[in-house]
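> Assembly of the complex is requested from the two constituent chains, each provided in isolation within its own frame, with the hints serving as guidance.
In order, the protein sequences belong to chains H and W. One rule links them: number in this note's numbering = place in the first sequence (from 1) + 947. One rule links them: number in this note's numbering = place in the second sequence (from 1) + 134.
Treat the hints with caution; some may be incorrect.
Non-contacting residues of chain H with respect to chain W, defined by C-beta distances greater than 10 Å in every case (computed) [stated by the list, open to error]:
{"hint": "1", "residue": "Met948"}
{"hint": "2", "residue": "Arg966"}
{"hint": "3", "residue": "Gln1009"}
{"hint": "4", "residue": "Glu1033"}
{"hint": "5", "residue": "Leu1042"}
{"hint": "6", "residue": "Asp1043"}
{"hint": "7", "residue": "Met1063"}
{"hint": "8", "residue": "Asp1077"}
{"hint": "9", "residue": "Leu1091"}
{"hint": "10", "residue": "Gln1104"}
{"hint": "11", "residue": "Ser1110"}
{"hint": "12", "residue": "Gln1169"}
{"hint": "13", "residue": "Ser1205"}
{"hint": "14", "residue": "Arg1209"}
Computed Cβ-Cβ distance ranges for the label pairs, DEER-style [unchecked claim]:
{"hint": "15", "chain 1": "W", "residue 1": "Gly232", "chain 2": "H", "residue 2": "Gln1206", "range": "24 to 32 Å"}
{"hint": "16", "chain 1": "W", "residue 1": "Gly222", "chain 2": "H", "residue 2": "Asp994", "range": "22 to 30 Å"}
{"hint": "17", "chain 1": "H", "residue 1": "Lys1102", "chain 2": "W", "residue 2": "Met182", "range": "35 to 43 Å"}
{"hint": "18", "chain 1": "H", "residue 1": "Asp1139", "chain 2": "W", "residue 2": "His210", "range": "17 to 25 Å"}
EDC-like cross-link-like pairs, simulated, lysine to aspartate or glutamate; straight-line CA separation at most 20 Å [stated by the list, open to error]:
{"hint": "19", "chain 1": "H", "residue 1": "Lys1194", "chain 2": "H", "residue 2": "Glu1181"}
{"hint": "20", "chain 1": "H", "residue 1": "Lys1106", "chain 2": "H", "residue 2": "Glu1071"}
{"hint": "21", "chain 1": "H", "residue 1": "Lys1177", "chain 2": "H", "residue 2": "Asp1198"}
{"hint": "22", "chain 1": "W", "residue 1": "Lys144", "chain 2": "H", "residue 2": "Glu1152"}
{"hint": "23", "chain 1": "W", "residue 1": "Lys144", "chain 2": "H", "residue 2": "Asp1188"}
{"hint": "24", "chain 1": "H", "residue 1": "Lys1177", "chain 2": "H", "residue 2": "Asp985"}
{"hint": "25", "chain 1": "H", "residue 1": "Lys1194", "chain 2": "H", "residue 2": "Glu1157"}
{"hint": "26", "chain 1": "H", "residue 1": "Lys1177", "chain 2": "H", "residue 2": "Asp962"}
{"hint": "27", "chain 1": "W", "residue 1": "Lys158", "chain 2": "H", "residue 2": "Asp1139"}
{"hint": "28", "chain 1": "W", "residue 1": "Lys221", "chain 2": "H", "residue 2": "Glu1064"}
{"hint": "29", "chain 1": "H", "residue 1": "Lys1177", "chain 2": "W", "residue 2": "Glu154"}
{"hint": "30", "chain 1": "W", "residue 1": "Lys144", "chain 2": "H", "residue 2": "Glu1181"}
{"hint": "31", "chain 1": "W", "residue 1": "Lys158", "chain 2": "H", "residue 2": "Glu1181"}
{"hint": "32", "chain 1": "W", "residue 1": "Lys144", "chain 2": "H", "residue 2": "Asp1149"}
{"hint": "33", "chain 1": "H", "residue 1": "Lys1102", "chain 2": "W", "residue 2": "Glu175"}
{"hint": "34", "chain 1": "W", "residue 1": "Lys221", "chain 2": "H", "residue 2": "Glu1026"}
{"hint": "35", "chain 1": "H", "residue 1": "Lys1102", "chain 2": "H", "residue 2": "Asp1077"}
{"hint": "36", "chain 1": "H", "residue 1": "Lys1177", "chain 2": "H", "residue 2": "Asp1149"}
{"hint": "37", "chain 1": "H", "residue 1": "Lys1211", "chain 2": "H", "residue 2": "Glu1181"}
{"hint": "38", "chain 1": "W", "residue 1": "Lys144", "chain 2": "W", "residue 2": "Glu154"}
{"hint": "39", "chain 1": "W", "residue 1": "Lys158", "chain 2": "W", "residue 2": "Glu186"}
{"hint": "40", "chain 1": "H", "residue 1": "Lys1194", "chain 2": "H", "residue 2": "Glu1152"}
Rather than coming from a laboratory, the hints here were simulated on the basis of the structure. Note that beta-carbon positions come from the ideal geometry of N, C-alpha and C, so glycine has one too.
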Amino acid sequence: MYIDPHIHMVSRTTDDYQRMALAGCVAITEPAFWPGYDRSSPEGFQDYFRQLTDFEPKRAAQYGIRHHTWLCINPKEAEDPVFAREVIALIPQFLDCPSVLGIGEIGLNKNSRNEMEILEAHLELAASRDLMVLVHTPHLEDKLKGTRLIMDAIKNQAKLDPSRVLIDHVEEHTVGIVLERGFWAGMTLYPDTKCTPQRAVDIFEMHGTERLWMNSAGDWGQSDPLAVPKAQLEMRARGHDEAAVRKVSFDNPLAFLSQSGRFKVS
Amino acid sequence: MAHAPTPLSKRALIDRSYLEHRAKVLDLASFLDRIDRASGEGADDFRMRAFESCCALLIDGQPNRAQRILELLSDHSTEPIARAGTKGATGAVPPSSGGAR
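Isolated chain W, as found in the complex (with noise of 0.2 Å):
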């Protein structure tokens, strides 16, 4: 399938969204600095965990990070449970699952 690459340059690009990207490095900073100070229980809940290995993919100067990020998120089990017993979804996979990967 043909694909239509952006006609912007890498610099144009840069110059048109770096103000917006860095004020989300600060949210998720400051997200995880807001963690960091509360108190109670929550420390080793998986979905941080699962956060952290998607910051360490923002880095580590691979293409496809959205992709990789979002297969590292989702539930690799093949075969359908036997039950819902909710109708929400967490947005990362719960170690109980044994679907992570």
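Chain H on its own, in the form it takes in the complex (with noise of 0.2 Å):
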């Protein structure tokens, strides 16, 4: 049994949905993101929110999972602030929505002014709101650089618990300095970027399974559904025990998510 906390499902096939259904996932949430092009109007974003939130809990409930979501204006797209602010004013109608978690996943792509800019209306429109954040981390190179911003833009809306923002996309370079500063990370296992399976569980023995949880982060680009159970078998080929492993992958992400008030698994 497992929880894959960040998937873009909206990118993916009904038979995704059975396959992970059939390797014991019970519950995803799937946060706001970049289709692979810029929209071209603010109304392309109602209807993006519309299917997060309405379709895809219905597509997901066929094979006995529990969608959950949450929005934003991805960083690739925040580049035009008078563009990001128009999508942003539409979020507050779907907030309401009973699988809408949060905020997410907002953050910064090329640490540009103008997406520090929109990642600083999003962390405002969370803390007035009282709601819970997921954030991207920036990409290769750019990662340490845009996760040392990050935080210090949360540290300064006072009203944001570190306990309720969960920092994604981290790797060897940043994990440590995101559990430090009190926020719950993410790794994301892909097959070219970001973490590996197995590099994400030397990272679970050098940094201990507290405020840690895994991903797929399945999309559009080159990815795998079923990443969160195959680095289940490579902690169990490790000789981890059976509750080590439903911590990372199952305890972890519900406990966090838990604090929404409407996380549920099936």
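Structure, rendered in structure tokens:
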């Protein structure tokens, strides 16, 4: 049994839901993200948020998987602040949907000033509504710098409790600084970038299993919606007991996400 | 924070994963050979200079190689850039960015 706390199912087939259910997935959370192209109008996000809050939970339910979501404009589309603020203005009308857990995945992509401005706007919305936050950290060479900038921006919002913020896509060079500052940390299991299942298990062995989870972040790119159960297999093959496997792939995401008051497993 | 070292011994880890990583070393070697054989520009590509520095870290005998390689490949500047000219990342720090360590 496992929870995949970060996966973009709008980009995956219904067959993937079936395969995930067969592998033991009981619940997922889906942050709003970039579709591979920039949307031409804020209304495109209105439709996307409807898909996330209405259609996708029904598709998941056919396989006994509880679907939850996080709303935002992803940092990859945040370089135009006027456009981005129009999208942020759409979010409140969806916040009462029972499957919406908070704001995410917000953060930075190229660590630009405009991205910072929109990150801060999202954080203000989360703070004003007492919402949880799921954070995207930048890719590759931009990750270390971006992670530091993001954590500083969050600390500037006194109302945001770090224990209700998860900073995702950590790797060996960022996991320590994220955990030290009181945040939760997520490891994303990708074939080429971010963590492999083997490296994720290494990180558990080096940093422990408190406030740490793993996810597939499966999307339209090269990714694997079964990455979490594959990491479970890696843990078992190295001799970790079932309690440890369950803690990182079920108990930890359950503990963090339950703070929303809305997260449910089937 | 309590850590949970792998229950497997050094020998058991080697027995389990040596062949997988032997293949990865051969992939690295054949990648470098392929670039050598190819024609055209690219011999001074900043990514390959970074790659060579990473290879040196692999055999320096010091711990935390993965963390140190990721740090070597990271932008160490501290201020936001003026504007995002692209959405992608290259995997190493371009010399023009001023963020290389």
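> For every hint, state whether the structure bears it out.
The hints, checked one at a time:
In this structure Met948/H is separated from chain W by more than 10 Å, as the shortest Cβ-Cβ distance comes to about 20 Å. At roughly 24 Å, the least C-beta separation between Arg966/H and chain W is larger than 10 Å, which holds for a residue marked as non-interface. Its beta-carbon lying about 34 Å from the closest one in chain W, Gln1009/H satisfies the requirement of being farther than 10 Å from that chain. In this structure Glu1033/H is separated from chain W by more than 10 Å, as the shortest Cβ-Cβ distance comes to about 19 Å.
Annotated as non-interface, Leu1042/H keeps its C-beta farther than 10 Å from every C-beta of chain W; the closest such distance is 28 Å. Under the 10 Å C-beta cut-off, the non-interface status given to Asp1043/H relative to chain W holds; the minimum distance is some 32 Å. Annotated as non-interface, Met1063/H brings its C-beta within 10 Å of a C-beta of chain W; the closest such distance is 5 Å. The claim that Asp1077/H lies off the interface holds: its Cβ sits roughly 28 Å from the closest Cβ of chain W, which is beyond the 10 Å cut-off.
Against the 10 Å criterion, Leu1091/H falls within the reach of chain W, whose nearest CB is about 4 Å from its own CB. Distance to chain W confirms Gln1104/H as a non-interface residue, since its nearest Cβ pair spans about 17 Å, more than 10 Å. With 10 Å as the threshold on Cβ separation, the claim that Ser1110/H sits away from chain W holds: the shortest Cβ distance comes to roughly 15 Å. For Gln1169/H, the condition that its CB be more than 10 Å from all CB atoms of chain W holds, with the nearest at approximately 14 Å.
Chain W leaves Ser1205/H outside its interface by the beta-carbon criterion, the shortest separation being 21 Å against a cut-off of 10 Å. Consistency note on Arg1209/H: stated as away from chain W, and its beta-carbon is indeed over 10 Å from all of that chain's, at 28 Å minimum. Between Gly232/W and Gln1206/H, the C-beta spacing of about 40 Å breaks the proposed range 24 to 32 Å. Separation of Gly222/W from Asp994/H is about 26 Å and conforms to the stated range, judged on CB atoms against 22 to 30 Å.
Taken as a hint, the range 35 to 43 Å holds for the pair Lys1102/H and Met182/W, whose Cβ atoms sit roughly 38 Å apart. Range check, Asp1139/H to His210/W: Cβ separation about 23 Å, and the 17 to 25 Å hint holds. Between Lys1194/H and Glu1181/H the CA atoms are separated by roughly 15 Å; this keeps the pair inside 20 Å, and the hint holds. A C-alpha spacing of about 9 Å is found between Lys1106/H and Glu1071/H, which places the hinted pair at or below 20 Å, so the restraint holds.
Restraint check for Lys1177/H and Asp1198/H: satisfied, since their Cα atoms lie roughly 17 Å apart, inside the 20 Å limit. About 14 Å separates the Cα atoms of Lys144/W and Glu1152/H, which keeps this hinted pair within 20 Å; it holds. Restraint check for Lys144/W and Asp1188/H: the C-alpha separation of about 19 Å stays at or below 20 Å, so the hint holds. Distance restraint check for Lys1177/H and Asp985/H: the Cα-Cα separation of roughly 33 Å exceeds the 20 Å cut-off, and the hinted pair is therefore not satisfied.
Only pairs whose Cα atoms come within 20 Å are accepted, and Lys1194/H paired with Glu1157/H is accepted, the gap being roughly 9 Å. A C-alpha spacing of about 18 Å is found between Lys1177/H and Asp962/H, which places the hinted pair at or below 20 Å, so the restraint holds. The suggested pairing of Lys158/W with Asp1139/H holds, with an alpha-carbon distance near 13 Å, which does not exceed 20 Å. Among the hinted pairs, Lys221/W with Glu1064/H is consistent with the structure: their alpha-carbon atoms are about 17 Å apart, no more than 20 Å.
Between Lys1177/H and Glu154/W, the direct Cα distance comes to roughly 16 Å. Compliance with the 20 Å bound is thereby established for this hinted pair. Distance hint between Lys144/W and Glu1181/H is fulfilled; the C-alpha atoms sit about 16 Å from each other, no more than 20 Å. For the proposed pair Lys158/W and Glu1181/H, the alpha carbon gap of about 18 Å is at most 20 Å, so the pair holds. Using a Cα cut-off of 20 Å, the hinted pair Lys144/W and Asp1149/H holds, with the two alpha carbons roughly 14 Å apart.
Proposed proximity of Lys1102/H and Glu175/W is contradicted: the alpha carbons are some 46 Å apart, above 20 Å. With a C-alpha separation of about 10 Å, the suggested pairing of Lys221/W with Glu1026/H holds against the 20 Å cut-off. Our distance criterion of 20 Å between C-alpha atoms is met by Lys1102/H and Asp1077/H, whose separation comes to about 15 Å. Under the criterion of a C-alpha separation no larger than 20 Å, the hint pairing Lys1177/H with Asp1149/H is consistent with the structure, at around 14 Å.
Pair hint Lys1211/H plus Glu1181/H does not hold up; C-alpha atoms about 27 Å apart against a cutoff of 20 Å. For the given pair, Lys144/W sits about 16 Å from Glu154/W by alpha-carbon distance, which is consistent with the 20 Å threshold. Simply put, Lys158/W and Glu186/W have alpha-carbon atoms about 16 Å apart, close enough for the 20 Å limit, and the pair holds. Proximity of Lys1194/H to Glu1152/H is assessed by CA-CA distance (about 13 Å); at most 20 Å being required, the pair is judged to hold.
Hint compliance for this structure: hints 7, 9, 15, 24, 33 and 37 are broken, all remaining hints hold.
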